[in-house]
Amino acid sequence: MAVSEIVVRSSDAASSIRFDKSRRTILYLGAGHPNKRQHLLPDIVDRLERLAPGSYRIVATMNESSDYARRVLTEIHTRKLSGSFENIGPVAPECVGSLVSSVDAMCLLSVLESFSNNFVESWALKKPLFVTDGTWSRDACHNGVVYIDPKKPSATADSIHQTLTSPESIQRVTEAGSAVLATHPSASQKTKLYLEVIDKVIALGPCSRISKSQIDYGKLLT
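Going by my numbering, 171 is the number at position 171 of the sequence shown; the sequence numbering is gapless.
Since the hints were made in silico from the structure, they are not lab data.
Be a bit skeptical, because a hint or two may be false.
[What the hints assert, rightly or not] DSSO-like cross-link-like pairs, simulated, lysine-lysine; straight-line CA separation at most 27 Å: (1) Lys-80 <-> Lys-152; (2) Lys-21 <-> Lys-80; (3) Lys-126 <-> Lys-152; (4) Lys-80 <-> Lys-151.
For clarity, every value in this text was computed on a predicted model and none was experimentally measured.
Generate coordinates for the entire structure from the input sequences, incorporating the hints supplied.
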């Protein structure tokens, strides 16, 4: 995954996105969806508030027009957790960098992802990222994130609190994230790789279905 130049540029721009620094702010950047599991946030918010009252705020970016998002927000309101939770709605791509820059950490509670822009955004802007512990996430993130089980809110809250109250832990995970990010091509490098593959395919020329089945695509792409 290439680093988004929009993310990097917008992080340097003046931004109107600001949060009260009296609380540590954790951003869940993503549309509301059962796979994203924002419905687990109320329990995590509640545990964080019990663990360290008035110390944390989770910010979501769900579209409130969806039934799923409304159910999550209704539970937040019913449980009187609104002081520790804020939903700011969908964020334009050009504002992502500024938003990420304004928070203390990010989280991703998905059941499954192929790859998430949240990884790149947190690594590029040196924010600790709390991610579902799974084969898919470990394959993508290695040691560049803090792994959690979102279905265990107490353990998740403990992990968040222990990490964000320890400068050493923050430095360790952000440096590891930067190292993982360095293994990914930049946007221009990725474009160059695509063009090289296209050139190889053109050079290969038309071929029959049988011939296609005999192609070693691994060798072709190296």
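Which of the listed hints are not met by the structure? none
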